[in-house]
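Take these sequences, add in the hints, and give me the full structure.
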Amino acid sequence: MELKQTSSRKVSLFACNSLKKHKLSSLTVALAAIGAVSHTLAASPTAVDDTRTVPANSSITINVLSNDFDTDGDPVHVTEILQPEHGAVKLNSDSSITYTPDKDYQGADSFTYFIEDETDRPSVSSAVVSISVTSPTTYISETSNTAKVATTLSDTCTTLQDKPTEQLTASQRDLLERCLEVSELEISNPEQLEEVVRQIAPEETTAKMRTATNSSRSQTQAVQQRIGLVKGSSGSVSFNGQSLTNGLASSAGFQGGSAGDNQSPWSRLGIFASIQQEGAEHDETTLESGYEYTGNNVTVGADYLVTPHLIFGGALGWTQSDTDLTGGNGNFTSDIYTFIAYGTYFTDSFSVDLQAGYGNLDFESSRRIHYTATKTTDVTAEGFTSGDQFLLNGQVDWQWNSNALTVLPFLRFDYVTSQIDGYGENGAGGLNMTIGEQTIDQLTLSTGFQTTYAISNTWGVLIPTANVRLLSEVQSNRDPVYGQFASDPDPDNRFTLSSDDADTLYYQVGVGTSAVLKGGMSLFIEYQQLLGQDNLSTYQIQSGIRCEL
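Anchor point for the sequence shown: position 480 equals 480 in my numbering, and the numbering is continuous, going up by one each time.
Note that these hints are calculated values from the structure, not bench results. Nothing here was measured: the structure is a model prediction, and the numbers come from that model. Among the clues, some could well be false.
[Claimed, not checked] Derived CB-CB ranges, DEER-like: (1) THR439 x GLN192: 54 to 64 angstroms; (2) ILE271 x GLN320: 16 to 26 angstroms; (3) ASN426 x VAL298: 25 to 35 angstroms.
No residue lacks a Cβ here, since even glycine has one placed at the ideal position from N, Cα and C.
Here it is, written out as structure tokens:
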């Protein structure tokens, strides 16, 4: 209605019932022009349905207004929420909604919320938020160590969230923040989740046991090389037409008659030293990290010729190794000290060798954890631990000669049992781990042959050699390694780290040469390569010297 000027109008009032209409009276109303008057009804806001995914035993905060709108541009806010069937929701002051599923629930859930615009005559709209509650490891290989760590991390999140914030330590608050980052990542970038959790998982620790077994193999091979030189210098080797077959026994005073009556007992003593350099490369698998390993070994020892066919001796060994984890994920070093007692009984064509030893293990590790979730994390977890190792091995071989050529087929066993103490990490805040004890009992059987060919020279005898060995780990009892987040208040919330299965069949090839010099000194150098192992390649270079007193 539009009024142009002041005017009066007569209005008649009536009362009526269902039968008659009655005129009651009249009323005069004066209206004054005040200008144009118009009214348009405000548009209602529109709430839009949402869909979210959340890991089990975690929470998610949803900005439901991000896709809601009002065509008039009026501000809107959430006024009411209907509780879901399998969880709980909470309305925050900024109109965001926090959803928490029931403990251990996985499946579909939903809730309804209502919004209204901020006008004199507010209008209301509603929408449904559909929630998919998934396993924390949905995007992670179920057979991997990463999946086990992800499940433990999820449980740790729940435990920390249930505690009042003021009761959390600094490291626990840091761990809770990492938990929430990983939970959010499953929603925003699930394809990246496995790599992030793998960075957190301490699966690198299982490589320490491989380092320990590599060291025992290197030290026993150094001693076996020494035994071979002793038997070789007492074997079918000649120099300038003179047989060295019984050279060691002769120099020790064991030839017939009274030839050795005036020989000193010290002449039966021999000393030796060897240096080895070895390396290995391990490919990354679903259970173990990739790494490159380098080791340096020093072995020194002495032995005594008890009879013309029996030798006893002992050797001390030190192995220092560096293991670099692929992807810049850190490294660890080890120092392993070994003592080996050995003996050999040999004749012209047959010998039996036996070794028994003990090793002390020391490890120092730096595990780098670096990833980008809602923010970038780059920390290093430091750890120190030690352990023990016992070894036993034996070899039986037969010798066949044809002039300067010798072929030596053999059978061998190697047994090693190792134990590495549990330890705790520091330096990585909430991502520090507590790692349990590691143990292994391993029995390896092998068979093969070695060939040598003696070449006489004016300075002595040069003996090139080649060997081939077929190996099988017939027993490899390696217990899973237990671990947990150091800041987890629940001591029973642990994960296990498994390692790859043992290689049932692989082989070793080697080439080298030794030189037997006048005066009883021997030198040697040898290269060996392990082949046919899954995800692992190993080489070894060894050189040494032996002297008779």
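Structure-based check of all given hints:
1. Distance hint check: the CB atoms of THR439 and GLN192 are about 35 angstroms apart, inconsistent with the given range 54 to 64 angstroms.
2. Range check, ILE271 to GLN320: about 22 angstroms between beta-carbon atoms, so the 16 to 26 angstroms window is met.
3. Evaluation of the 25 to 35 angstroms hint for ASN426 and VAL298 yields a pass: the beta carbon distance comes to about 32 angstroms.
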